[in-house]
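The opening position of the sequence shown corresponds to residue 1 in the numbering used here, with each subsequent residue numbered one higher.
No wet-lab data here; the hints were simulated from the structure. It should be emphasised that the depicted structure is a prediction, and the values quoted were computed from it without experimental measurement. Careful: at least some of the hints might be erroneous.
[Claimed, not checked] Label-pair distances were calculated between CB atoms; the ranges are:
| id | residue 1 | residue 2 | range |
| --- | --- | --- | --- |
| 1 | Leu9 | Asp64 | 21 to 31 angstroms |
| 2 | Gly105 | Asp33 | 40 to 50 angstroms |
| 3 | Ser158 | Trp17 | 35 to 45 angstroms |
| 4 | Val51 | Ser104 | 29 to 39 angstroms |
For glycine and all other residues, C-beta sits at the position ideal for the given N, C-alpha and C.
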Amino acid sequence: MVRRVPIGLGLKMAAAWVAIFLVLFIGFTLKDDFVALGKRILNDGGGEAQVAAGEALRIRKSLDGHFWVTARVNNENVRFLVDSGATVTSLSAETAARAGIVGSGGMPVLVDTANGMVQAQRGRIEEIQIGAIRRRDLPVHIAEAFGDTDVLGMNFLSSLSSWGVEGQWLILRP
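Construct the complete structure from the given sequences, taking the supplied hints into account.
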């Protein structure tokens, strides 16, 4: 009834089980990366990122899980991360300079960002246009510390009649 397994065969079987466990563990750990890669390969979520639907503007969620929108800021194209957690629209110093927006020069404000507290200058966008949605004299924060990410905040979103997420789309209604 008792069968002895040679030591070499036993070690091979143990190594095979360890390899199977490692492959399953790595597959489970990186499943989100594999899904994102599959979407890129199949071009799922590709196509037009901003689509006008009547007066509304539909913005497709990007592969990174965020909503990105291209806007005209004082006749300059600027790519914004739409962030309902940001109270005020924020521009990098480089974007502000390119769009001709200058800081007020007064006391800087402290802005709580995902990367911690930073000092920023107050400024104003003369005109911002996203699709058919146009706003004038929009307050902004300007700082070097924002890096290369420009953020469209609640001061813009709350100027709309409504906005919301429907599936993979952000809908902005003027």
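Using the C-beta atoms of Leu9 and Asp64, is the stated range 21 to 31 angstroms upheld?
-> violated, 48 angstroms
Cβ-Cβ distance between Ser158 and Trp17: within 35 to 45 angstroms?
-> violated, 58 angstroms
Could you say whether the range 40 to 50 angstroms given as a hint is met by the Cβ separation of Gly105 and Asp33?
-> 46 angstroms Cβ-Cβ, so the 40 to 50 angstroms window holds.
Go ahead and decide if the range 29 to 39 angstroms is satisfied by the Cβ distance of Val51 to Ser104.
-> At roughly 36 angstroms between Cβ atoms, Ser104 and Val51 fall inside 29 to 39 angstroms, so the hint holds.
Hint violations for this structure: numbers 1, 3, all remaining hints satisfied.
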